[in-house]
Amino acid sequence: MVRRKVGGAVGEMFRTGLEPPVTVEYPFGKKVVTERFRGKLDIDPIKCTGCSICEIVCPAQVITMVPVGKKKVGDREVDIKRPSFELFACISCGQCVDDCKFGALTLTRDFELAVFKKESTLMKKALVVGK
Amino acid sequence: MSDNTEGPHYTESSAGLMEYSAESAMPFGPVHPSLKEPEYFKLILEGEKIVQVMPRIGYVHRGIERAAQDRTWVKNVYLVERICGICSFSHSLGYTQGVENLTPFEIPRRARYLRTVVHELERIHSHLLWLGLIGHWAGFDTLFMWIWKDREHSLDLLEAITGNRVNKSYSTIGGVRKDLPDGMAERLKTEAGFIEKRLDYYEDLMGGEETFTIRTRGMGRINQEVTRRLSTVGPLLRCTGIPRDIRVEDPYAAYDEVVPEVMTSNDGDVASLITIRLKEARDSCRMIKEAVDKMPSGDFKINIPRAIPAGESMFHVEAPRGELFYYVKSAGGSTPERVKIRTSTMANILTGVEMLKGHTLADVPVVLTGMDPCFGCMDRIAVLEVDKGKEWSIGGEALRKYGIDYYSKRRGGK
Amino acid sequence: MTPIEVLQLLLFPGLTFFVWLAFLFEWLERKTAARMQGRRGPVVTGPYGILQPVADFFKLAAKEEIVPAESDSFVLRWGPALYFAAPAIGVAFIPVVGAQSILYDPLDLLFMLFILAFSTLMALMLGYASAGRYSTIAIGRLVVQYTGYEIPLILAMVTPAVLARNLSIAGIAAAQANLWYIFLAPVAFAVFIIAALAELEKPPFDIPSAKTEIVGGWMTEFSGNTLAYVKLTKNLSYAFLSALAVSLFLGGAGGPVLSADPTVQAVLYTVYFLAKLFAVGFVIFVIRTALARVRIDQATRLFWTILTPLSLAQLAVAILVVAR
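Residue numbers (this note's numbering), protein chains in the order written: chain A, 1 to 131; chain B, 1 to 414; chain C, 1 to 324.
By construction, these hints were calculated from the structure, which means they are not laboratory data. Certain hints may be false.
With a Cα cut of at most 25 Å, we get these calculated DMTMM-like pairs of lysine to aspartate or glutamate [stated by the list, open to error]:
{"hint": "1", "chain 1": "B", "residue 1": "178", "chain 2": "A", "residue 2": "79"}
{"hint": "2", "chain 1": "B", "residue 1": "279", "chain 2": "B", "residue 2": "200"}
{"hint": "3", "chain 1": "C", "residue 1": "231", "chain 2": "C", "residue 2": "105"}
{"hint": "4", "chain 1": "A", "residue 1": "5", "chain 2": "C", "residue 2": "72"}
{"hint": "5", "chain 1": "B", "residue 1": "149", "chain 2": "A", "residue 2": "42"}
{"hint": "6", "chain 1": "C", "residue 1": "31", "chain 2": "B", "residue 2": "106"}
{"hint": "7", "chain 1": "A", "residue 1": "101", "chain 2": "B", "residue 2": "354"}
{"hint": "8", "chain 1": "B", "residue 1": "178", "chain 2": "B", "residue 2": "200"}
{"hint": "9", "chain 1": "B", "residue 1": "279", "chain 2": "B", "residue 2": "337"}
DEER-style ranges, computed between Cβ atoms [to be verified]:
{"hint": "10", "chain 1": "B", "residue 1": "67", "chain 2": "C", "residue 2": "70", "range": "39 to 47 Å"}
{"hint": "11", "chain 1": "A", "residue 1": "60", "chain 2": "B", "residue 2": "31", "range": "50 to 58 Å"}
{"hint": "12", "chain 1": "B", "residue 1": "105", "chain 2": "A", "residue 2": "80", "range": "50 to 58 Å"}
{"hint": "13", "chain 1": "B", "residue 1": "106", "chain 2": "A", "residue 2": "99", "range": "45 to 53 Å"}
{"hint": "14", "chain 1": "B", "residue 1": "67", "chain 2": "A", "residue 2": "112", "range": "26 to 34 Å"}
{"hint": "15", "chain 1": "A", "residue 1": "60", "chain 2": "B", "residue 2": "333", "range": "15 to 23 Å"}
{"hint": "16", "chain 1": "A", "residue 1": "46", "chain 2": "B", "residue 2": "331", "range": "55 to 63 Å"}
{"hint": "17", "chain 1": "A", "residue 1": "46", "chain 2": "B", "residue 2": "31", "range": "49 to 57 Å"}
{"hint": "18", "chain 1": "A", "residue 1": "124", "chain 2": "B", "residue 2": "333", "range": "32 to 40 Å"}
{"hint": "19", "chain 1": "C", "residue 1": "82", "chain 2": "B", "residue 2": "360", "range": "39 to 47 Å"}
{"hint": "20", "chain 1": "C", "residue 1": "82", "chain 2": "A", "residue 2": "119", "range": "15 to 23 Å"}
{"hint": "21", "chain 1": "B", "residue 1": "105", "chain 2": "A", "residue 2": "60", "range": "45 to 53 Å"}
From the three backbone atoms N, C-alpha and C, an ideal C-beta is built for every residue, glycine too.
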């Protein structure tokens with residue numbers, strides 16, 4: 001026989017009412033993300049060798065290799081390239097992080113990425129010749 | 001059906017379609033508070049009773065199958081997981097396993113177990129989302145808030161393992177991208193136990209609260225004849241008593257060792273769908289605990305060369321909504337030649353509209369949500385020429401050319 | 001009317017007082033429902049978000065009014081004023097400060113019945129004048145629900161009148177000096193609360209304005225200023241019906257006389273009244289949060305087959321009690 005009752009939620013309602021609420025009052029309170037949270041991309045310019053693998057694998061076409069100088073390889077002169085990032089298109093997938101053999105790229109835990117000017121989302125800090 | 005002058009006026013044209021008079025047709029959608037995604041349903045009403053429903057799809061069509069042909073194999077993982085936010089991992093699992101079937105490589109056992117754990121976590125989150133929504137459409141906002149409060153536990157677990165709550169990007173061609181973090185095995189078991197206890201409470205509440213059950217009991221009655229005729233999949237099929245589950249019939253990932261229990265019911269209404277999904281979520285908690293206990297050690301990923309050998313592969317997974325089918329064809333290059341995706345809502349939408357017949361307008365949100373629609377997954381474009389009675393599909397190039405011609409004629413008559 | 005009475009009517013304890021009470025009721029409802037669901041409710045405007053309903057009112061008043069082409073724009077623009085007038089007049093008959101209300105008539109309970117009917121008639125007219133698809137469905141449901149709950153509501157309101165042998169609200173409140181009628185006629189109180197939920201269109205009876213099905217119910221086509229006043233009227237009805245429940249069943253503003261000074265005593269009476277008002281309001285919040293929405297045919301079945309016989313039986317018992 002199905003037990004028909006009304007108001008079965010009342011007990012739980014009072015119990016929940018006396019507990020603190022679970023809402024985080026962001027932005028007046030802090031939102032804590034986990035350790036592995038995939039936020040904004042960051043590069044260590046010293047470790048980058050300009051191999052261009054990140055440009056090839058990026059699904060969102062964020063990375064453009066830009067020539068920053070020239071070097072001699074054998075008896076030819078080749079460009080030294082370094083990556084420039086258009087971070088407004090980045091989906092924080094982390095494929096470049098996985099594929100970079102030199103560990104130059106990391107995904108930070110920063111998620112508050114709104115800016116006033118689109119140009120400030122260009123990350124050009126790797127455009128220095130490291131070696 | 002001949003011309004019926006008493007009820008809504010509809011005739012059957014030579015193409016086998018129903019034409020109807022405007023007064024009796026009530027448009028539901030594409031933008032409506034009870035639809036998460038836009039889809040157009042024309043409800044033919046007799047008073048307040050629905051006699052016929054005509055869905056018209058295509059409002060969120062994004063051309064993903066075509067976009068997949070331009071991207072390399074690994075980039076497609078990120079494209080495919082964004083087809084749907086709720087069953088995101090199922091899409092990525094279907095695609096990566098489908099591609100791995102084209103190669104001669106086998107992914108390690110630990111990767112299989114890790115994929116199982118995240119797959120079940122996603123099932124829990126999807127079913128909890130649906131249960132909350134049913135409460136919301138029935139007017140029971142309190143239940144909605146409580147269930148989504150508990151759903152946060154599963155989302156926090158997903159974020160701790162994969163780095164993101166929705167677009168998990170966890171599966172890759174060759175395994176998974178990361179191992180479990182330290183201490184996660186214990187935490188998974190604790191949280192799975194917590195969610196199980198909460199689900200027990202919700203089963204008691206949703207089955208007992210009279211003002212809620214009278215909204216769901218007897219709603220959308222379907223039976224085995226309907227589901228067999230319309231090829232339903234997923235919980236909607238199981239609620240009529242047919243015990244079909246892809247995880248059991250064609251095991252993938254670790255389901256040959258961590259076996260799910262197939263939940264069926266015989267009533268075929270929304271109340272039985274609620275029971276089935278609750279029980280499936282509870283079973284997922286049990287499977288997570290079992291998978292964590294049985295997890296083998298080893299690698300979580302192998303490196304597969306980027307050029308996938310030529311061939312075709314067909315692979316299906318049990319997404320939270322039903323059978324999700326992937327067809328991947330490779331011509332040996334760096335991009336796929338064809339990716340075809342048939343999602344579960346595509347198979348269920350006709351059953352969903354069949355469920356609506358005979359109900360009143362007040363029940364449409366509850367019944368339509370009962371089939372757990374995900375229109376973002378399913379959308380297609382079909383071209384229908386009513387006078388000629390022909391139906392055919394249109395290709396991308398022809399569509400683009402048609403669009404250019406159409407707008408240039410409108411703008412200047414060139 | 002003396003100038004003092006006019007001031008009382010407009011300020012305290014008349015219209016302005018009750019309008020602020022209406023805002024307070026909305027804030028309390030949102031806060032308790034939120035806390036019981038595990039979230040916070042309004043927090044930003046004012047301390048603990050207490051000014052949120054006021055902010056909502058002014059925000060709506062500042063928005064553009066969009067009047068659909070097929071609708072009767074005269075009724076849509078000015079109808080809400082009449083809709084607001086119904087409970088606004090009604091609150092003047094509730095005794096708040098002691099045993100006297102601002103306006104008094106030996107038969108004012110009947111006038112209350114008329115006001116409740118008038119509110120629904122105005123809602124009907126506003127929905128009909130909207131001429132929208134969702135409004136039309138909503139007013140059908142509104143009429144069906146109204147015919148369902150009206151009889152139990154009237155019977156429940158007449159029961160205290162029978163017990164007090166008096167047809168004025170102030171008189172009924174004063175007659176409860178020894179024993180509140182909630183103890184003599186608890187069934188009538190329960191029926192009154194349930195019927196009040198239906199009048200106010202709160203869950204489980206919020207079918208006429210079911211947000212998830214027919215967008216906004218009969219209020220769909222309202223926007224801007226008129227919507228602000230319609231929502232204010234709904235909140236005012238909320239406070240008004242709770243005040244009616246207090247006066248009819250909980251002894252109005254009566255309570256222990258603790259001071260000889262009439263001013264202090266008046267303040268005490270107001271405090272008693274407010275305490276009882278919030279108690280009744282709290283009961284309504286809890287019921288509203290705990291239940292789902294029923295369908296229109298299920299609601300009508302409840303009203304006609306359960307509540308009407310119950311209230312008739314209660315009335316019969318009350319007549320027998322009094323006749324002895």
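These are the hints, each one checked on the structure:
no.: 1; hint: 178/B to 79/A; result: 35 Å, violated
no.: 2; hint: 279/B to 200/B; result: 9 Å, holds
no.: 3; hint: 231/C to 105/C; result: 29 Å, violated
no.: 4; hint: 5/A to 72/C; result: 45 Å, violated
no.: 5; hint: 149/B to 42/A; result: 33 Å, violated
no.: 6; hint: 31/C to 106/B; result: 56 Å, violated
no.: 7; hint: 101/A to 354/B; result: 55 Å, violated
no.: 8; hint: 178/B to 200/B; result: 33 Å, violated
no.: 9; hint: 279/B to 337/B; result: 40 Å, violated
no.: 10; hint: 67/B to 70/C: 39 to 47 Å; result: 44 Å, holds
no.: 11; hint: 60/A to 31/B: 50 to 58 Å; result: 29 Å, violated
no.: 12; hint: 105/B to 80/A: 50 to 58 Å; result: 36 Å, violated
no.: 13; hint: 106/B to 99/A: 45 to 53 Å; result: 22 Å, violated
no.: 14; hint: 67/B to 112/A: 26 to 34 Å; result: 30 Å, holds
no.: 15; hint: 60/A to 333/B: 15 to 23 Å; result: 21 Å, holds
no.: 16; hint: 46/A to 331/B: 55 to 63 Å; result: 42 Å, violated
no.: 17; hint: 46/A to 31/B: 49 to 57 Å; result: 52 Å, holds
no.: 18; hint: 124/A to 333/B: 32 to 40 Å; result: 34 Å, holds
no.: 19; hint: 82/C to 360/B: 39 to 47 Å; result: 32 Å, violated
no.: 20; hint: 82/C to 119/A: 15 to 23 Å; result: 58 Å, violated
no.: 21; hint: 105/B to 60/A: 45 to 53 Å; result: 27 Å, violated
In terms of the numbered hints stated before, the structure departs from hints 1, 3, 4, 5, 6, 7, 8, 9, 11, 12, 13, 16, 19, 20 and 21, listed from lowest to highest.
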